[in-house]
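Trainee: Per numbering that gives the first Met the number 0, the sequence shown starts with residue 0, numbered consecutively.
By construction, these hints were calculated from the structure, which means they are not laboratory data.
A quick note: this is a predicted structure, and the numbers were derived from the prediction, not measured.
One or more hints might be untrue.
Capping the alpha-carbon separation at 16 Å, the derived lysine to aspartate or glutamate pairs in EDC-like fashion look like this [unchecked claim]:
id : residue 1 : residue 2
1  : K335      : E313
2  : K402      : E392
3  : K120      : E137
4  : K377      : E440
5  : K255      : D244
6  : K484      : D454
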Amino acid sequence: MKTTHTLSLIATVLCLAGCAQLPTDAPGAPSPVTHPQTGASWGQVLGAGAPASAVPAETVKIVSLPVVEEPAEAPKPIVRDDLQTDALPVDFQSAQAHADLWARIRAGLQLGDLSGPRVDKWEAYYGKRPDYVARMTERGGRYLFHIVEEVQRRQLPMELALLPFIESAFNPEAKSRVAASGMWQFMSATGKDFDLKQNLFRDDRRDVLASTRAALDYLEQLGRRYDGDWQLALAAYNWGMGNVDRAVKRAKAAGKEGRYEDLRMPTETADYVPKLQAIENLVREPERFGVILPLLANHPFFLSVRVDRDIDVELAAELAGLTPEVFRQFNPQMNKPVILAAATPQLLLPYDNAERFARNFAQHRGSFASWTAWQTPKTMKPADAAKQIGMSETELRAVNGIKGRMLIKGGSTLLVPRTAKRDHDVSEHLADSAQLALAPEQRQVRRTVKARKGDTLATIAKRHGLPVARVVEWNGGRAVHAKLKTGEAVTLMSPARAVAKAPPNAKTQAKAGKKTAARKPGTPRVAQGKPPVRRPAKPS
């Protein structure tokens, strides 16, 4: 079974590579996948190079390459539509693929329309910012097909596919003021509740596929909790279930029905559903707002590619024919300059770049990764760790984000260069659990004590509660049990204590008294604010 599966995957890759080499006017040759507005391939639009027509014919040379013998176990990536279960290429010539995605979205809108001053406010906001709307709808075009497919497959209201417009303006790398992250703006704890891994190597809150799955899982849960009242469900997505539950309870105690408009909410949550309604109205009638929506075809903008080797981000981008910056736009979850096969379910690439990556990956003969992971055997200074693994302290700190006077705790995982002795892909366990734990480095103060009669370095270390080995080290490696002369100076090191504050003088006491008198009795020094709402990222 395994052999048959492997052969089918190799056949798929070879088929894709063969199709790419046919002239576009040859019988049976596939038509190039083009941007619906410019006619250029998606790879060209994203910076993969100038179209072939831009190269003068006289500069084109056909070069015969030597035949390279295929290694017995050459890595073969799997290229497929991320929503399909097979590895067949997408049929971009079907009528369905050329349908208008916006029309499909409009047909699926099913929630009741909301109106009022708040909706009017947000309609006016978007209507006055056509450039901003153009940026976020163009960016959203990369991901909307996948989200629409998922929403429709789960039989959820299509309005939910528009939610990233108000959460992050469809920016997968967005981060809010309260540290919510990604296109769907997950807080760290909520992300972990929905199996979004966050570790040294990746943050799945920024992963387009993983975060979309988690967001729709969460929204489905909220829809069931509030018996299909999607306005309450959306309020809970923004404000939290506990807050909405308490607000509903208060509203019902006051004789109200406990609907969205009955609740006392923070301004941001009160604006949340009206803001989504304004986006829905804009999608329904863009001409009313003076907005031109980008043409979006009803087919995947990207495909997923599986790899079975750790690979540097820069090399992956090169093999795909993309710049590292554009590559990261499709794979923003990567925290480090290396992609771990054991922890990365898939890479996302535009269709034609996915085919190019598959072909180049299979033909690549050099090393794939220049980095690997190393766990510290004990608590260490960055300088000591750098010396042990053979890199500069500056580079170690930069690539692992270690600042200032910090110690690296034992068991921490560091990203380090590969060497002949450290030339291995990172294991699945380490890739999933890798964490870097740091502790402040205590400054040491040198002091001397005088030996008593019969003292040795061992007895002095015991008396002062210090490790014997360190006391020996501080004193030039002298014999640990050798008798010391009475009164002989012995060097010890101890953590620096905070400098004691000078007692206040009469002048400072008088100032403190005036401040105390100015404050009313019972008034706290610092006002206790309410817990923050999970604010979405600033628009970009």
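Trainee: Now tell me, hint by hint, if it's right for this structure.
Mentor: We went through each hint and held it up to the structure:
1. For a cut-off of 16 Å, the pair hint linking K335 to E313 stands: about 11 Å separates their Cα positions.
2. At roughly 11 Å between alpha-carbon atoms, K402 and E392 fall within 16 Å of each other, so this suggested pair holds.
3. At roughly 23 Å between alpha-carbon atoms, K120 and E137 are farther apart than 16 Å, so this suggested pair is violated.
4. As the CA atoms of K377 and E440 are separated by approximately 14 Å, the hinted pair is consistent with the 16 Å bound.
5. Restraint check: the Cα-Cα separation between K255 and D244 comes to about 14 Å, which is no more than 16 Å; the hinted pair holds.
6. The straight-line distance between the Cα atoms of K484 and D454 is roughly 8 Å, inside the 16 Å bound, and the hint therefore holds.
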